[in-house]
Amino acid sequence: MGLKPATNPDVEAATIELSIDGKSVTAKDGVSLYDVIAMTGKIIPAMCYHYTFDPFGSCGMCLVMQEGKKAPVRSCTAKAAAGMVIRTEGEDLFLARKKAVEKHLSVHPLDCPVCDADGHCELQDMAFQHGVTNLANAKQKFIPEDTRSPVLDFNMNRCIACAECINVCKDVLMIDALQFMKKGGFNQVVAKGDLPLNCEFCGDCLAVCPVGAITNKFSKYLYKPWQIKKTTTTCNYCGDGCQMYLETKDEEVVRVTSPLSWKNKWGDRSETAKGHGGLCVRGRFGFEYLDSQDRLTQPLVREGGQLVRKPWLETMHLLVDRLTEIKSKYGADAIGGLVTARCTNEELYLFQKLMRAGVGTNNIDSSARYGHMNFVLASKHAVGLGRMPNDWEDLTKAKAIILIGSNITETNPLTAVRVKEAVRVYKAQVVTLDSAITNIAKLASHPFLIKPGTEGMVIDGLVKAVIDQDLVDEETVGKHPKAFEALKSAVANVSLEQASVLTGLPVAAFKEIAAIFAESPRSIVLCAEGIVRRPNGYQNVLKVMDLAWITGKLGRAGCGVNTVTEEPNEQGAVDMGAAPEFLPGQARFDDPGARERFATAWDISLPPVGSGAHLIEILKRCKGGQIKALYILGENPLATLPASMEVRAALERLELLVVQDPFLTDTGKLAHFVLPACTYAEKDGTFTNLEGRVLRVRQAMDPLGESVPDWHILTALANAMGCQWEYQSANDIQAEIMKLLPGYYNLGQPRKIAPVPDQYLSNGYTAEVKGRYQPISPSGEHTRPFSLLMGQLLAHSGKMSTQAPGLIKIAPNTGKLRMNIRDMERLGLQDGAKVRVTSDRGSLQLGVQPDQSIAPGTCFFPEHFNEPPVKDLMTVLVDTTTGVPSFKQIWVSVEPA
Amino acid sequence: MSVAALTKKILHAALFYEIWDAMKVTFRHMLHRPMTFQYPREQRTIPDTHRGALGLLRYDDGQERCVGCDLCEVACPSHCIKVISAEDTTRPLQRYASEFYIDITKCVFCGYCVEACPVNALAMTKMYEYSTHDKRSLLFDKKRLYDIGERHLEDGKKYLYAHNQEKDVEQSREYRYYFPQSVQKSTQSPPKHLS
Chain A
1 MGLKPATNPD VEAATIELSI DGKSVTAKDG VSLYDVIAMT GKIIPAMCYH
51 YTFDPFGSCG MCLVMQEGKK APVRSCTAKA AAGMVIRTEG EDLFLARKKA
101 VEKHLSVHPL DCPVCDADGH CELQDMAFQH GVTNLANAKQ KFIPEDTRSP
151 VLDFNMNRCI ACAECINVCK DVLMIDALQF MKKGGFNQVV AKGDLPLNCE
201 FCGDCLAVCP VGAITNKFSK YLYKPWQIKK TTTTCNYCGD GCQMYLETKD
251 EEVVRVTSPL SWKNKWGDRS ETAKGHGGLC VRGRFGFEYL DSQDRLTQPL
301 VREGGQLVRK PWLETMHLLV DRLTEIKSKY GADAIGGLVT ARCTNEELYL
351 FQKLMRAGVG TNNIDSSARY GHMNFVLASK HAVGLGRMPN DWEDLTKAKA
401 IILIGSNITE TNPLTAVRVK EAVRVYKAQV VTLDSAITNI AKLASHPFLI
451 KPGTEGMVID GLVKAVIDQD LVDEETVGKH PKAFEALKSA VANVSLEQAS
501 VLTGLPVAAF KEIAAIFAES PRSIVLCAEG IVRRPNGYQN VLKVMDLAWI
551 TGKLGRAGCG VNTVTEEPNE QGAVDMGAAP EFLPGQARFD DPGARERFAT
601 AWDISLPPVG SGAHLIEILK RCKGGQIKAL YILGENPLAT LPASMEVRAA
651 LERLELLVVQ DPFLTDTGKL AHFVLPACTY AEKDGTFTNL EGRVLRVRQA
701 MDPLGESVPD WHILTALANA MGCQWEYQSA NDIQAEIMKL LPGYYNLGQP
751 RKIAPVPDQY LSNGYTAEVK GRYQPISPSG EHTRPFSLLM GQLLAHSGKM
801 STQAPGLIKI APNTGKLRMN IRDMERLGLQ DGAKVRVTSD RGSLQLGVQP
851 DQSIAPGTCF FPEHFNEPPV KDLMTVLVDT TTGVPSFKQI WVSVEPA
Chain B
898 MSVAALTKKI LHAALFYEIW DAMKVTFRHM LHRPMTFQYP REQRTIPDTH
948 RGALGLLRYD DGQERCVGCD LCEVACPSHC IKVISAEDTT RPLQRYASEF
998 YIDITKCVFC GYCVEACPVN ALAMTKMYEY STHDKRSLLF DKKRLYDIGE
1048 RHLEDGKKYL YAHNQEKDVE QSREYRYYFP QSVQKSTQSP PKHLS
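Protein chains in written order, with our numbering: chain A, 1 to 897; chain B, 898 to 1092.
These are calculated hints, taken from the structure and not from any lab test.
One or more hints might be untrue.
[What the hints assert, rightly or not] For each label pair, taking beta carbons as the anchor points, the in silico distance ranges come out as:
(1) A:T15 / B:D985: 55 to 61 Å
(2) A:I821 / B:K1040: 53 to 59 Å
(3) A:L135 / B:S1034: 42 to 48 Å
(4) B:K1040 / A:R148: 42 to 48 Å
(5) A:V73 / B:R988: 52 to 58 Å
(6) A:R148 / B:P974: 55 to 61 Å
(7) A:W602 / B:P974: 27 to 33 Å
(8) B:P944 / A:P196: 54 to 60 Å
(9) A:L135 / B:Q1062: 19 to 25 Å
(10) A:W602 / B:K1032: 33 to 39 Å
(11) A:H782 / B:R988: 55 to 61 Å
(12) A:R588 / B:A983: 38 to 44 Å
Glycine is no exception: its CB is placed at the ideal position from the N, C-alpha and C atoms.
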């Protein structure tokens, strides 16, 4: 690392003093002079500088005069030193900077009127500011535009070689997809090796380009920046909750831009620990579904086996009649509700309130049940905190990070950038334990490949290794000697050698990982889909908690056990009580105090304790005929769950199926009523991201067609069913939540709650831990040789992203099974050859393609696509404690067809 | 009343003096050239700087001048212009207006759009007769604007010369801006006016 502040949080840099424009300024030693000047509030133009990476020093604009030097110096690459006397203003400096602008402009095409960056161009601003009106010796480049990439166009005629794109890609995102290449007498930015750009397509290069050299294919030549309305909102794709600007023109979404931009270049490097402001491919290029032609614009009602368009009023009348009829005929418990975690907090709150207060049932669940619930319940049980204890800053500044079953560059790309920063800036040791060759493993200091489905055994082994090597933190363990003894005896029958055989991880590796984790001052475990979405997720999270506890990492600042969420508001869904076990604020449904509070606030009597059903139970009851009416808000269980769950049969048995969604989903096609809902771009509200930060969602455009925000539909439905709800806007709902859950919004900054395991360790721990570490049975004998995994792709999120043509262009559904090239060679398969995949559930014929990220012995199919229906090969294992269905892995045999 | 005054009065009355006095003006005007002219049979000569209906111009080779830059839209004080631009797929890098609308009923004929145009694609013509029974036809679209520009090409050019925006035909492609030419291959030589 070059001239940036000493970024080791443990070391405080020495303070120096220097003089800037006659004023004495104190600064940290080793800092770039430019940063020191920027900190005083003075702005010196600089076109190649951005605070997120090291100064590059190519533009020659940041000139200052240093006493004792004849010529101006570039302040960005100069190091601030004690006793410097600096002058930042003056005629001579102005002329020197003007000369630099002229130098850039003389090889820049003067095509501003047709350039997309017109009005948002630093070179244009600089030329105006410095009064450049006449150019002698202007020279034109004649470089063809590189339009090979699916999302970005490179017009190198306009490039000023500031290298911001290259630096952000290499230094911040660690993807390193761009490089300089001398072509046609000019230094040009090209994709690595001058091949078509093939990267993660996060578009951060586009964001930092100060001119129009890199352009967005989606908005090319459409509008000028001043014609577009810019709305700050929160991304709707994953739990990272990135802030972004949705740029719209009337009813059309033009593009998405990020807070990371050349305009936003001044800052302190240490601020990036909280996020660098960039976006990922989904956020930046996956906006096209918002104004898609396929959006539902009118309510649909089933009439004679067909969905017919009906006006809202008639639909609502029919719907309410049916719903009240079912309620009076079969009782409130014959009605259930499923809600997606892509809704805002306000809507999730209203949905559970409608179900509990309006209908009177506790049959309610959200898509957090697909995995996040495992973490929430385990964490709540063990340490009393139902969310991640650490935020992005903790993750960035951690010294050791263990990623178990976490392909975070694909699932949560911006959380992955935080891990990358931990590696790059703070020199953290990163251990990855995954059954795929993930992108983060390529950057990790300790990448380990484990056998599929053995994440739990790895944790067993790690706990054992910590105890064997006596890496336990005596102080924390000393507080609960009984609990520790119980744990010790529980892991006594775990053998590292056996774990090594089963997981494929050498014994030495177990010991090394345990040592790294235990000995670092700040250690973080991230257990994502490989833990929470797989069998025994609840137990495995508890085991990780054990590991953190005995090493003294539970409750210590900067340490903790974390997860990531797949959908933007899974945390909010849990916090708002859209689950049968929780009331809002994660109060237990059977907690008499909380019940009393909400019953009074809502002026009803809550459904009885013990009633209610989670997702799988609801579907089971639908099939069994106990539930007659199901209200599905944004969920799509038919396309998500494998055929063995018999979702279709369950839904077809219903007397009333209501689906509320922006699109006509597979589940919607079975429904009796389909209500057109708005996307997040058309409504106000908040999302709670994985850190627990409450982030605002703002309305960017009017609802499309006759679609209506979800909260509006819910309010209308509740009032028609006899409630007295007077919500006029999302703000009114927020006011109610604020009253009931004081401090939940807290200006978007979650309260830091230290996880405390004491309560759990002294009560009931000893009894529970006994069964947790079952001696590993040699179940390695599989009749089928391959492990079929289903998971997320970087460019997709759930099924929603498949509605965005841009993302489909980047990552189309190839319909092929991804395999390791060696396995393909062994089976004698060419790319595209047909194979027959057989599992216990059935068999399927499909093509294969080689994929570098797939480990030998495994094959992969993205969970976003059901064509061919690979998900139907899966069996579903339902966690007995949490009811989380796991259906992402199965053993299959693959034969050439 | 004196005798002389009375005599004068009687004489004036007998000779209809007032009438002759009044008719003097009329008869004098018979010798003047008429101030008015017989519109529409006769038409007034209009100066080159006249700000009439707007038209879009083409180059001599028939290519559209407009690059769809939206600057006229921004300059327009009455918001009567709407440009929708796109990339010409046959000539990479060339931006053009796929649609162009001027609501001439809103236009205040200030000429700002012409001034803003970086390629002198817009010009004001001497055409001012476009009354119609159908108000909707006064929303000029791209085709209509090019028709006007074609029919009144000479007037449009004269307008631009008169307003010092363009000097002569040779110079019509040299502007304040150098637009990128459509580069198909890297070995292509630069066009004449830019070399």
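| Are H782 (chain A) and R988 (chain B) spaced within 55 to 61 Å by their CB atoms? | Holds, since H782 (chain A) and R988 (chain B) (Cβ atoms, about 60 Å apart) stay within the stated range.
| Is the distance from the Cβ of P944 (chain B) to the Cβ of P196 (chain A) consistent with 54 to 60 Å? | holds, 57 Å
| Measuring from beta carbon to beta carbon, are L135 (chain A) and S1034 (chain B) in 42 to 48 Å? | Distance hint for L135 (chain A), S1034 (chain B) holds at roughly 46 Å.
| task | With respect to the beta-carbon atoms only, verify the hint that I821 (chain A) and K1040 (chain B) lie 53 to 59 Å apart. | result | holds, 57 Å
| said: Given the hint of 42 to 48 Å, is the C-beta distance from K1040 (chain B) to R148 (chain A) inside that range or not? | reply: Once the Cβ atoms are compared, 35 Å apart, the range 42 to 48 Å for R148 (chain A) and K1040 (chain B) is violated.
| R588 (chain A) and A983 (chain B), beta-carbon distance inside 38 to 44 Å? | Given about 58 Å between the Cβ atoms, the range is violated.
| Taking the CB of R148 (chain A) and the CB of P974 (chain B), does the distance hold inside 55 to 61 Å? | violated, 43 Å
| Between V73 (chain A) and R988 (chain B), is the Cβ distance one that fits in 52 to 58 Å? | Once the Cβ atoms are compared, 46 Å apart, the range 52 to 58 Å for R988 (chain B) and V73 (chain A) is violated.
| field | Distance restraint hint 27 to 33 Å, applied to the beta-carbon atoms of W602 (chain A) and P974 (chain B) | value | Violated, at about 56 Å.
| request: Confirm or reject the claim that L135 (chain A) and Q1062 (chain B) have a C-beta distance inside 19 to 25 Å. | output: holds, 21 Å
| query | Cβ-Cβ distance between T15 (chain A) and D985 (chain B): within 55 to 61 Å? | reply | holds, 59 Å
| request: Starting from the range 33 to 39 Å, see whether the pair W602 (chain A) and K1032 (chain B) falls in it by beta-carbon distance. | output: violated, 57 Å
Hints 4, 5, 6, 7, 10, 12 from the list above are not met by this structure, while the remaining hints are.
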